[in-house]
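A.B. asks: Sequence:
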Amino acid sequence: MSTEETAVRLLDAAHVTRTAPAAEPEEATEEATDLTPEPEPEPEPKPEPEPKPGPEPKPESEPQPDGPRPQDSELRATLAGLPRAEWAEAVLGGVRGLAAAVLGYESASEIDAEGEFFDMGLTSVTALELRDHLTGLTGMEWPADLLYECPTPQVLADLVVEQLSATPA
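Okay, so the sequence shown: first residue is 1252 according to this note's numbering, each after it adds one.
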């Protein structure tokens, strides 16, 4: 069968399956020749989602705290009773204790002050957890990349002491 014969058969088959005859040119009306598309119907508005259960928002009249203040922290209270010369050792002990807790060690003594956190098993997720615990201990906000900038307990403790010394008691 030639290509021409195949084309004729396909056209014949298409003609047979057509459901309505085409309009003759003299029968065409203005409506039939209007090529302007019909406007699409407006989509129905989606219903507002149900609020998720959670804590009730505080009324606008209550003052919102700016975050923890260093003078309100547990560590600040501990350091207040120590001479400044002993702050470094106390803060290092606190940092090692937090690291031990986050990493699952039994005691702070298992954390080497000069060892790198990530060599001890810290991950990016546990680094954020340790940072959050340090925020709770010091009452100060710390950046997400804190443990990348301070890779050892000693470097971190030195920074904490420096920051606590710079803030008024």
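Take these hints with a grain of salt, some might be off.
[Said to hold, decoys possible] The calculated label-pair distances, taken between Cβ atoms and stated as ranges, are:
no., residue 1, residue 2, range
1, 1295, 1325, 28 to 36 Å
2, 1375, 1292, 44 to 52 Å
3, 1395, 1352, 31 to 39 Å
4, 1295, 1380, 43 to 51 Å
5, 1374, 1418, 28 to 36 Å
6, 1294, 1328, 53 to 61 Å
7, 1365, 1386, 20 to 28 Å
Bear in mind the hints are in silico, worked out from the structure with no lab data behind them. Positions of the beta carbon are idealized from the N, C-alpha and C atoms, including for glycine.
A.B. asks: All hints are to be evaluated individually against the structure, with a verdict given for each.
C.D. replies: Structure-based check of all given hints:
The given range of 28 to 36 Å is broken by residue 1295 and residue 1325, whose C-beta atoms sit roughly 55 Å from each other. For residue 1375 and residue 1292, the Cβ-Cβ distance of about 50 Å falls inside the hinted range of 44 to 52 Å, so the restraint holds. Residue 1395 and residue 1352 have their C-beta atoms about 20 Å apart, which leaves the hinted 31 to 39 Å range violated. Between residue 1295 and residue 1380 the beta carbon distance is about 46 Å. The supplied range of 43 to 51 Å therefore holds.
As the Cβ distance of residue 1374 to residue 1418 is approximately 30 Å, the hint placing it in 28 to 36 Å holds. Between residue 1294 and residue 1328 the beta carbons are some 60 Å apart, a value that agrees with the proposed interval 53 to 61 Å. The hinted range of 20 to 28 Å is satisfied by residue 1365 and residue 1386, whose Cβ atoms lie roughly 24 Å apart.
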